[in-house]
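Asks: The lines below spell out each chain.
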Amino acid sequence: DQQVKQNSPSLSVQEGRISILNCDYTNSMFDYFLWYKKYPAEGPTFLISISSIKDKNEDGRFTVFLNKSAKHLSLHIVPSQPGDSAVYFCAASARVFGTDKLIFGTGTRLQVFP
Amino acid sequence: EAQVTQNPRYLITVTGKKLTVTCSQNMNHEYMSWYRQDPGLGLRQIYYSMNVEVTDKGDVPEGYKVSRKEKRNFPLILESPSPNQTSLYFCASSWDFGVAEAFFGQGTRLTVV
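Taken in order, these protein sequences are the chains called A and B.
Under the working numbering, the residue at position 80 of the first sequence is numbered 80, and the numbers go up by one with no gaps.
Under the working numbering, the residue at position 44 of the second sequence is numbered 1044, and the numbers go up by one with no gaps.
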């Protein structure tokens, strides 16, 4: 049962345009969400996060939007650059009955072409 | 430089031969975790540790053991590896769980034949 879903395995965007990566979750107990970026042969690196008490968080070219009623979050990259080409994972966390849960999605491979 | 160091980076072993993948962090983080990454399944948590001598199972703990005797080290132990444990493994650390960015190691690609 995949509690965090990234339904688009890949996305191709032209340089300078907007990239929108989507993530859906099923467990309403999740209260914090994070995005990680991963280049080949490297570990994931943190990109941006959002608490469930917010609906938007910005950091430079990156903005994350959270729609709790739809259990949906998205990552917007504007403008997209070739260096943004990587695999992006969304993750959701919750503390349930004293157990820490951090669940990752399956990832979306973003390719930004010139 | 803040970093999480895993060793080895690549390992090929045979079924049943015990192995240990080491993980060390230099940021004095309390939380450490192990994940495996498989095609189409993303990153799945194996075990995590909230502090020295405090560990707990993640989503896929079967066939793995961990220990946290020191704050900086969190080794992953496969007592009797099997081919279904062939995967890419990542260790991560953070100052808090789930709400703070985690720093990941570069990964260990394990093949069990």
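Just to be clear, a hint being listed does not mean it is correct.
Unchecked claim - Below 30 Å or equal to it, Euclidean Cα-Cα: the simulated DSS-like pairs (lysine-lysine) are:
#, chain 1, residue 1, chain 2, residue 2
1, A, Lys68, A, Lys5
2, A, Lys71, B, Lys1017
3, B, Lys1017, A, Lys37
4, B, Lys1017, B, Lys1057
5, B, Lys1069, A, Lys101
6, B, Lys1057, A, Lys37
7, B, Lys1065, A, Lys71
8, B, Lys1017, A, Lys5
9, A, Lys101, B, Lys1065
What the hints contain is simulated information worked out from the structure, not anything from laboratory work.
Asks: Hint by hint, which ones does this structure get wrong, listed from lowest number up?
Replies: Per hint list: 2, 3, 7 and 8 violated.
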